Every structure is written in C-alpha cells, then in structure tokens.
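*Asks:* Below, each chain spelled out in residue letters.
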Amino acid sequence: MSEKDNFEPVIVGFLCNWCSYRAADLAGTSRIKMPPNVRDIRVMCTGRLDPVFVLKALREGADGVLVMGCHPGQCHYVEGNYKTMRRMALLKRTLRQFGLEDERVRLEWASAAEGPKFAATVTQMTETIRELGPLNWKQLLGGNGHFRPVLEPELEEVAA
Amino acid sequence: MMGEKIGVYVCHCGSNIAGKVDVEEVARWAADLTNVEVSRHYEFMCSSLGQELVENDIQEKGLTRVVVAACSPHMHERTFRGACARAGLNPYLFEMANVREHDSWIHDEPVQATNKAKALVSAAVHRVTYHEPLEPMQAKINPATLVVGGGVAGIQAALEIAEAGYPVYLVEREPSIGGHMAQLDKTFPTLDCSACILTPKMFDAGNHPNITLLSYSEVEGVDGYVGNFTVTIRKKARFVNEELCTGCGICTEKCPKRVIDGVFEAGLGYRKAIYRPFPQAVPKYPVIDAESCIYFERGKCKACQMFCPTEAIDFEQEDGIVTVEVGNVILATGYDLFDTRKIPQYGYGRLANVFTSLEFERMVNAAGPTAGSIVLRDGVTTPGSVAIVHCVGSRDKNYHEYCSKICCMYSLKFAHLVHERLPGTEVYNFYIDMRTPGKGYEEFYHRLLEEGTHFIRGRVAEITDAVRRPGEEGKIIVQAEDTLMGAQRRIPVDMVILSPAIQARHDASHVAHLFGISCSHDNWLIEKHPKLDPVATMTDGIFIAGCVQGPKDIPDSVAQGAAAAARVLGLITQGEVELEPVRAIIDEERCSGCRICNNMCPYHAIDFIEDPGVSRVNPALCKGCGTCVAACPSGVVTGAHFSNEQIMAEIEGILVSLDGKEPIPEVEALTA
Amino acid sequence: MRYAYYPGCSLERSAASYHTSAMKVADRLGLVFQEVDDWNCCGATEYFAINLLPAYALVARNLALVPGDLAQMAVPCSACYVNLKKTDKYMGKYPQLAQRVGQSLAAGQLGYRPGGVQVRHLLDIIVNDVGCDAITKGVVKPLTGLRVAPYYGCLIVRPENGFDNPEYPTSMDRLLRALGAKVVDYPLKAQCCGGHMTQISEKVAYELIRRLLHNAAEYDADVIACVCPMCQLNLDAYQGNVNRHFGTDYRIPILYFTQLMALALGLSAADAGLGSEIVSAQPALAKIAVEVPQEEDKKARKRADKRALPMPTMPDEEA
Amino acid sequence: MMASGNGQPSSPGTFFEEVIAKTPGGEALRLCLQCGTCGGSCPSGEDMDYTPRHIFAMLAANMKDKVLRSNTPWYCVSCYYCTERCPQEIPITDIMYTLKRMAIAQGLYEDADAPDWSQTFIGMVEQFGRSYELGLATRYHLTHRPLGKIRLGTFALDMLRRDRLALTPSSIRNTSQLRAILDKAKELEGAQ
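Heads up: the sequence lines are chains R, V, B and C, in that order. My numbering numbers the first residue of the first sequence as 1 and each following residue consecutively. My numbering numbers the first residue of the second sequence as 161 and each following residue consecutively. My numbering numbers the first residue of the third sequence as 833 and each following residue consecutively. My numbering numbers the first residue of the fourth sequence as 1152 and each following residue consecutively.
Isolated chain R (complex conformation):
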C-alpha cells in the first residue's frame, strides 16, 4: 500500500503538432496546473504514431501512454486521426491479450483551444495510472521484456 502511495507514474504523451501540442502550450500560457507525470513527444500528426512507439515506451519503463490528437473531423491532415483510432483499437486489443489494463493506453482529443481539457486529461490519466500502480512489463511478458514475435513484421524477416 505504502509503495503505491509513493508511486509517481511515468506517462509518455504523444501529441500532434497542430491540436494537442498547442492545447498543451495553451495550458502553459494559461498557467493551468497539472501533475508532472506526463512527458510529451511531438509528432506532426497522430497518424504518424506507429503502434511500435507505444510498445517501445511501455518497454522502456513508461507506466502508461497517452496519445492525443485533433478532434475527429478536425485533423490538420484531413483524416490522420481516424487512422490512429483504428490502429489504437487494434493495439489495445493485442495489449489486452497480454493482460495489460486497458486504461494504461489512452487515445484522447484536444483542439488547440482546449488547454483546460488537456490539463484535465493529464490529471485524470495520472490518477488512473497511480491507482493501477507500476507497470511491470517484463513480468507481463514473462520473459526478458522483448516483444519480438508480435512486433517484428514477418515481411522484414523475409526481406532480411
């Protein structure tokens, strides 16, 4: 119990350049306070988000991954976020099979004007992960933490 109390989750945030990164900037300019647990990485579009990035983050020690993009219909690149929605759904299904709690990987939307929403999402996500406790990736995979069989596309092996 006490370990859980001291637990400071580490969450990697993947933010799209146009909406959610700017929402985070806006939260900053508006000085909206939030927990420091989400560390963000900027991508041009959530459509750039290779599911491998999420796995990589979890493997490297993240307790959760928060992906945020433009609202559906408002993607700067027309429809990149729709592709992310599909990819995330598949990824989450796979992760569920490995016994990963659904709440650890989350896809949310925030427009450039939604600084408060960004802050609220970060706060909520942090609390959720805090409740869940640390992620033990290696134990989850029952091995050395490598995820090769699922990750490495067969094609590459063929090509190699």
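Misleading hints may appear alongside valid ones.
[To be verified] What follows is a set of in silico ranges between Cβ atoms, one per label pair, in the way DEER data are often shown:
no. : chain 1 : residue 1 : chain 2 : residue 2 : range
1   : B       : 869       : C       : 1314      : 21 to 29 Å
2   : B       : 948       : C       : 1341      : 21 to 29 Å
3   : B       : 960       : V       : 370       : 57 to 65 Å
4   : C       : 1208      : V       : 541       : 36 to 44 Å
5   : V       : 557       : C       : 1341      : 30 to 38 Å
6   : C       : 1320      : B       : 1112      : 28 to 36 Å
7   : C       : 1257      : B       : 869       : 35 to 43 Å
8   : C       : 1314      : B       : 924       : 38 to 46 Å
[To be verified] Below 35 Å or equal to it, Euclidean Cα-Cα: the simulated DSBU-like pairs (lysine-lysine) are:
no. : chain 1 : residue 1 : chain 2 : residue 2
9   : R       : 117       : B       : 1035
10  : B       : 1138      : V       : 417
11  : V       : 417       : V       : 502
12  : B       : 921       : C       : 1173
13  : V       : 414       : V       : 395
14  : V       : 444       : V       : 460
15  : B       : 925       : C       : 1173
16  : B       : 1138      : V       : 396
17  : V       : 361       : V       : 414
18  : C       : 1215      : C       : 1337
19  : C       : 1337      : B       : 921
20  : V       : 557       : C       : 1215
21  : B       : 1035      : C       : 1217
22  : R       : 138       : R       : 117
23  : C       : 1337      : B       : 969
24  : V       : 688       : V       : 396
25  : V       : 361       : V       : 417
26  : V       : 635       : B       : 1014
[To be verified] Partial list, derived from the structure: chain V residues whose beta carbon lies under 10 Å from chain C:
no. : residue
27  : 503
28  : 555
29  : 614
30  : 617
31  : 648
32  : 652
Hints are computed from structural coordinates only; laboratory data are not their basis. A quick note: this is a predicted structure, and the numbers were derived from the prediction, not measured. Even glycine gets a Cβ: it sits at the ideal position worked out from N, Cα and C.
Following the hints, complete the assembly by docking chains V, B and C onto the known chain R.
*Replies:* Only chains V, B and C this time, still in chain R's reference frame:
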C-alpha cells in the same frame, strides 16, 4: 551517430523557467549525457547574446548538434535554427525542449519540475543525435490572391492588394458584395451613414481592373500550398446573362412573385423572385431565386424574360466551375447572427413586437422596408416605449460564452436613434456590464446618459405578454432584476429589441477544413498568434481578416483586412518562400509495392510507379503528416525529421531514469 | 413495452384519480407498468433541505429496488421524477457522492450503479414511446371544442430533461391536439404553481396560483391539464382560497392529462377518475358530450394591414 | 493534489468555501457574474429578503449570519428557472438547499415555518417510508400554526369529502432496511 558533439543550452527565461526549474542543475546533469560536449544555462537564450552563445560554441567547439531547453518550439524554434545557420550548422541539426509551457508554467513543485525538465532535455539530446541535415524547399509565390468574402474586411483586403498592382479574385456567396455593413443605417459612435462610406468602396472593388469579382459563388476545393494554391469555385447560376444585362431593374419590377427577404432585409421586408439585394448592389446584375420563381415551380410565367430589353434572362443557365491559381488566400467570411428563437423566454417569433438588432437596423434604414420609420409589427403604430436587451446569447455558457464585443455599442446607437426619431419615447437598456472600450465609445455612452436613456443593470430574465398587474395590459413586459437596486422589476413596453450574439458562420468549420486551418470550439478561425500574428494562420499562405476570427467592429475589421493584405503583399514581393522539408521519402530499393501507403495519403501524394513496381512520393504534394510512414509494413517510408529512429531515440531519452535507480539496460531501438 | 412504475405517495390517495386514469390509459395503450415493490417516498422538495446524503440515499433505494430486467421506470409525479432522475445523474457525475450513496445502500443490502435505470416521466413515455399518431388512432371520443390549457409546471422540464424544451415545452400540446382538443397556447405554461409554498407563505403561494389561473382564464381555457399531483393540488384545492384572498371568481377545473386521455379513448368517467376534483369539471366536460362548434382563437392575429411587417417564422410552428 | 482549473481555492474554511464544498457542482459558484438572471427569473423573488444574486455576493463576502437568517432559501420554490437560465451554469437551486441545511444545522433562521414544515415532512417519511398528508398537515399545523387551522379546515374538509386525504398512514414493509440505509447515510454525512 557516435562522436557527435552536442551543445545543450538551458534558458532561464527570466524567472519564467528558473522560478520553478533548477536550471543550473539541469545544465550540470545534461553535461553527463552521451555526446554532450558543452552544457550551459543562460538568462535569455532568445536574446542576441544568448544566440551568440550558441553561434560561438558551434564555431569554437565544433558542435555538430544543438539542443535548447526553453519555450515551445512554436515560439522560438525558428529563432534558434537561424542561429545555427548563421554559424554554419545545418538548421535541422537543432532540437528544442519545451521546459516552459510544458513544465515550469504548469507545475508547482520545483523538484518534480526539474526532473521533468531533465527528461525533456534527455529526450531532445537523444533525438538530435539522429537528426540529419535537411535543405528547406523553395516555392515560388504566385502573385494572384484569393479573397473569400466580400464584406468590409474582404473588400478592404482586395482593394489594398489590387492597388499595389496584383491580381485579386474576390469571391462572394451572396449576389452582391457589401456584407453586413451594407445592411446598417448608421455606424457607432460617429453616426456616419453606413452606405455613404461603404458604397464607394464596393464600387471600386467591383470596377477595379485588378479585381475579378465572383459574386454568387462559393469555393468548393483548395489544393496546393503557400505560393501555389489551385482553387475551384462554383459560380451559381444567376439565370441572368451578365454580358447582356444592363441592370435596369425592369425584370424585378415586373416579377409577380414577392417573398420575404430573409437575408438582406433580415426577414423584415420583401423582395421579388428576381432581385438585386439592394439598389447599390455590386455587381448590378440581378439573380433569379429558383426556389421561389414561378417559372421554375410551375413551368410558366417568364414575365422577366418578356420584359427584359436586352434578352439577358437565361432560364437554361447552369452552375459554372471556375479554377484559379493563386499564391495566397485571405478568408474574410464574416459572422452569422445568433438565432434568438433558441431563447424562448425572450419571445422572439411569438411576441410580434420583439425584434432582432438586424431587423431594427433595416427598420431605421431610410432605404429599408419602413423607409426609416420606427413602427411596431403592424407597420403603423409608433412605440411609446422601447426596451433594448443586451447579451442575447452572449456571455452565456448555454449559448456563447464569449462577449460579442459590438452589442453594447450598437444597443446604445439604437437608443440614440429612438430618442432622435421619436422624441419622448422611453428607452430602457438592460445590460450586464457596459462595455465601451474604443475611441469615442465611452463618450457616446455619456451622450446617451444625457439623452435620458434608462439604464437597468440586470440581464433580462424573461419577456412576456402575461399580465400580472394593472398597467401591463397590451404591453410586452420585460422582467429582470435591477441588480443595482437588488429588486425584481417588470417594465411594460411597446417594443423590444434583442441584441443577439454574433457567432461564427454556420459553415465556418467546413471552410476551415477546406483551407486546412483550425477553428476554436466556438468555430472562430484560429490565428497564428493571438497578439503578435493576428491575421496569419498556422497554414502558410492562408490569412484571416474580420469577424471570421472573432467578434469585431468595423474599424477592427477594416484594419485586419488591410493587415492581411500587407502580409500577402510581403510574400508576393519576396517572390519565393522556404518550405519545411518535413516530407516522406520511400526507399524504392526496399519497397515491396504493396500500395498500402497510396490509399493512406490524404493528399494523393503517393503514386504507384508501374515500371519498377514501387510507390513514390510527390514532394510538392506531401505535407509531412507521417501517416504513410506509420503504415508501411516494410518500414521503408522515412518521415524526414520524424524518422523512426529519431522518435525511438526520443522515447528512450524521455524515459531516462531520474531517481538514481539502475538505468534500464539494453537501450537499442526496437527496429534497429 | 414494459416499465417499472413508481407511483409516489400522492398517487396513493390525494391524486388517486391520476393513478386510476394512468393505469387504465396504459392498459388501453398496451403499456405494462410493474409497480416497484415496497417503494418509498422520494423526499419531495424537503429532504434535500435537511440532510444531503440521506436525501440521495432515500431516493436511491427506489432505484435499487427496480428489478434488473426493467431498464426504464415510469414516474407520473414531476417532483418524484426530478428527484429520481437527478439522483441517478448526480451519482454518475460526482463519483464521491455515488460511493457514499452506495455505502449507505449497502447497509440495507442494496446497491445501485448510476445509469442502471432510465427514469422517465409518464408524459414522455406516452408522447415519445407510444406516439401521438398511435394515440389519434385510438381516439373514439375526440375532445372537440374543449379548450384545454396544458400546464407543465417546473419539474417535468427543469432542470433540463432532454425530452422537451425547458422554457417552452410542447409535448402535451401535441398530445392534447391528438386527442382532438383545442390547445390553448398561453405563456405561463411552464411557470411555477408555488410548490410547497402553500405551507410556508400563503401570500407568495396564492399569488403564484393566481397568476396561472388568471392567464389561463384570459385565454378562455375550459380546463387546465396537468402532469403533477402537486400542481393539481395547488391549482384545484387552493383555488377557493385564492378566490377569497384576491376577491376573484375563477372556476377552472384542473384535470390530469391522463384523465382527458381516458375520456378521449372512450373510457368511462369512473375509469378516468373523475369526481374527485374540488373545482367541478362538470360544466366544462359538458362541452364534449354536446358537440360545440369550434370557436375562433381569441388571440388569433388580426388580419394584417398591407403595411404590416412580416413575422419571423418558428421552426416548430404548427398550423 | 491539484485544484481543478486555475481557480484558487483561497482561504479554506470560509463560509463561501463551505457552501461550495457542501453542494455537488458548487465550484461553479465562483463563476457568478452578478448578472441577475436568477433574481429576475425567480417566481418568489419579489418576496425574498435578498435576491439569489444578492445572496451570492454576500456569500463571496462571507456574510454568514445575514445569509442564513434571510428568508431567501426558504422562499425558493425549487422551480429551477434560475438553474436553467444561469449563464454560468451555477446549480442555484442546489445551493439554496445547502443554505437551508446549514441554517437548520446552525439554528440560524428567523421564521420557523419552512424549516419546521420540512422537518415534519421528513419525520413522517423516516417513520413510515411514505408521506401521509393528513397526519402531516395536522401535526404541522397544530404544532406550528394553530391560527391557520381555520382555513386549513375548509381545505381539509374539501379534500376529505372527495376522499383525497388518507386517515391512516400508509407504510412500506421494510422500514428497518430504510432506517439502516438512512442511519448509515447520516453517519457518513456526519463523518465528512
């Protein structure tokens, strides 16, 4: 990658960052990261001294990569890239860590904020190691400009550019340019006649040799990028041949069908099925409204055609599609008025003598349906008392949270016009706060105080004809709390004018999407920077002016129109622009030709080349979103500046161990 | 269509006519109402003024008692409706409240998850689930010539319930029109009847009741139709007091909408629960037994002069 | 850990903060614009000591005694017009309930009619699980308003004649369960 020499610079930003983040500690800590050659902290990195620090280190210490931990890259990435370039380092070998907006400004606890800063710096250091030198792409600027929206902001912008000698396409949805300003009678606070100051500008815009006016037209498609847009415009069928029409107006006179004019007359007056919105319309040609035309409904009538002296009526006319090539776009599509029927307790539509502001504008206009007399809905009776209700749908989370900015002033103008035209009439203005910031605005308010307007500080609760006490019979009762008295009041009046919010055009989000820019949650288009770059947008080459960006009065709209024109003229004069080289590249040697990426691309920038059987990216069309990169099953599409290895390295860097525990072993990239 | 049914205390006795007519009408329309076993009082507008958590727990016990196979609950009383709906909504919105209500229910071996029961007013079910078209088909004795003022009061539409406009509701208007009645469109139809103020300040309560009666009378209403036992009680049982207080002489019968439905659907006066109203409905109802020609709408717009300005149209305007 | 939004939860323990804390969604009270929509909409606003808007200004100034002694919360008829129309989405009706609870808990009310009516009503409900009009009315009127009984008489007579007043209380079966639930809720509320 090994053997790179990275310089790390942590900015204090005065106390903005240093007040929360221990910048010295971050700099000290970063010095131990792999490949870091030098790590410093400085009070203002963006100052010329701060930039020189970077430049000197590049030259003296032979830095091959630079990381600045400061504000958002949207703020100063360009600044520091410039510094790198001046010192001879490719500007793309630079990375920024956002420790202000994403750290010091949003966290209270210094130790935690410092730790997060370290993680962000580590991420940037890891990432920058894998950066590659890139060359920005050059694009020529087509000197023609598209202006969308022919209200006062659009007219101003079009005239400025045309006067400077460059071609302009001015697209207007309605049959005439002029916008909302053409509907008004007087303008606050000077009370000059709106038509008198606007119509000369409309005439100039309609007749300028450099302006191609496309009225009764709408933009349907936009392709391309700054300097090189291709725009498709639908020119709706007017059923009048503009070549032949002289604008004599006989057709309108002879047309037997009269309909309520919901646009120009705001529903308060009528027009014919073939009409010109108002006598000074530009262009002068009328249009046939096919929905109300008797011929289109029943197949006979053609009165207009019979009487037209130049045989200009053409019932067979069809919509035309025009394609234009432009270098820049100015969006000035204006606003809609809030529909007051959404607040049923204000009685609009049920109580005859409740009017909207635009209805009243038309009523007081000498060219309007009542020839300028202020009368009740019966068209005859003059009101003995008028209530003017501010903030209808504004400053209300149920409708629009924002203040519409212009309503206090035009409500005061209405009060003045009632005093002027109907001396002795009692006027009550119900307001929450009186907002009169502007040159001569507060003085105008004082004038109204002198004129004897009753000001009641309280938002109107309801407007009803349900009589509660004697004296209320036959009146409309406005019920509100007089908050300065702290008591409920019921004021019986003959006429009520609602001052509705101004809101984004109903199709604003569609327009934003069409032009690839973003809008706020209430659908105003978003400017690049609210203070320092108010008319540019996040998309190069697309500018905004007037109420499309948010509520504005006429002087502000005109100023923005001119400002947008100045920005466009700057680009045209420059002749060329640099484009971010963030593009996808396919390694054709390894491409299996599966074509998955072809369908992924929202811009159709990837073509399948039959001969070698591989896909290829057209760099002119690619916008660098990276969707194809993430989709490629063979991992052979590279997103320049957002490559897999760069992002993988960034992930490793951001998850650096900070609590002194064992670092995570095996940090090889998964795809490596 | 099956629903759990929560009658509320008033329908046991003071508003028994509402219960009787509702049951008969439901039966005729093919609605199956299963009374929640051992339901308790919702606390009306009083319990929230005493203790917050017990007030929510009291209401939540009823939600917890709804059998698992019934997803929706029909509530005829507007006050009960708002309490049940609000408790469910707030439990969903404020997790801490939900947790503490849950702990309280657990003390009685009960449990409730917010969103478990959809609370719906009887009027909503009749208008939106059965529908006015189906009702028109069942009308055997149309209320032709009867001028009915639909009175919604507050709690059926506020706080916003999503099934009708909180300021200008129209559900009952449509229903009454389907029954053949002449609907009186008067401005105070969603104003307050005074609620419990009759017990606290007669002066305030009587004025609120007077306003409603006055406005309905101005529009020549034969009868006021209501959807809540509290409204019915205030307007009906206190009408005499109001007349004495203000020296007025209102005689407007106050009936439940279900009573008028029962009559139109051809049920007997007894099935419609008639006879228990304090202001007699006899003179008004005589109008439907005797076919009276339709009157001109008193408030109809005067024929417009040609100088008259056009009126804005309303999106929901009906001929 | 953190405040929601950037509202400063200044000076905890003040009357203003207490009212916010005791009202679900009470945070919105900080957003009051003092526009008066509530005061203008209130059906009993004319008879209140202070309009709701005025009360909110007094709350912000922590004028506890004056607020709790005012008739304003007791004259609230729970019509929810204010809540529905408030441009800042303040749950005004709920705040009035909170003020009533605080006034009762601290014995700070001037006119006992309304609090007594509520307490009599709830006493019945806690005992039987249902409300019981005749018992309620007589108990309330006999104990609190003996002078009003004449008018009540005609009212009761009319109601009785039409069989609309129950002479005996109706009760739920499982009163012990209800009691257990309410006791637990009171315990939890007291512990807060």
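*Asks:* Hints first: check each against the structure and report whether it holds.
*Replies:* Okay, the hints, checked on the actual structure:
1. B:869 - C:1314: 21 to 29 Å: holds (25 Å)
2. B:948 - C:1341: 21 to 29 Å: holds (28 Å)
3. B:960 - V:370: 57 to 65 Å: Holds, at about 60 Å.
4. C:1208 - V:541: 36 to 44 Å: Once the Cβ atoms are compared, 41 Å apart, the range 36 to 44 Å for residue 541 of chain V and residue 1208 of chain C holds.
5. V:557 - C:1341: 30 to 38 Å: holds (35 Å)
6. C:1320 - B:1112: 28 to 36 Å: Hint holds: Cβ distance 30 Å, inside 28 to 36 Å.
7. C:1257 - B:869: 35 to 43 Å: holds (39 Å)
8. C:1314 - B:924: 38 to 46 Å: holds (41 Å)
9. R:117 - B:1035: Distance ~48 Å between residue 117 of chain R and residue 1035 of chain B Cα, so the pair is violated.
10. B:1138 - V:417: Judged against 35 Å, a Cα distance of about 16 Å means the pair holds.
11. V:417 - V:502: holds (31 Å)
12. B:921 - C:1173: holds (17 Å)
13. V:414 - V:395: holds (26 Å)
14. V:444 - V:460: holds (26 Å)
15. B:925 - C:1173: Judged against 35 Å, a Cα distance of about 15 Å means the pair holds.
16. B:1138 - V:396: holds (34 Å)
17. V:361 - V:414: holds (30 Å)
18. C:1215 - C:1337: Cα-Cα ~24 Å, so holds.
19. C:1337 - B:921: It holds: about 21 Å lies between the C-alpha atoms, which stays within 35 Å.
20. V:557 - C:1215: Between residue 557 of chain V and residue 1215 of chain C the Cα gap is close to 29 Å, so the pair holds against 35 Å.
21. B:1035 - C:1217: Within the cut-off at roughly 23 Å; holds.
22. R:138 - R:117: holds (33 Å)
23. C:1337 - B:969: Since the Cα atoms of residue 1337 of chain C and residue 969 of chain B sit roughly 52 Å apart, the hinted pair is violated (cutoff 35 Å).
24. V:688 - V:396: holds (33 Å)
25. V:361 - V:417: holds (32 Å)
26. V:635 - B:1014: holds (26 Å)
27. 503: Check passed: Cβ of residue 503 of chain V comes within 9 Å of chain C, closer than 10 Å.
28. 555: holds (6 Å)
29. 614: violated (16 Å)
30. 617: holds (8 Å)
31. 648: Hint holds; residue 648 of chain V Cβ to chain C Cβ min 4 Å, cut 10 Å.
32. 652: violated (15 Å)
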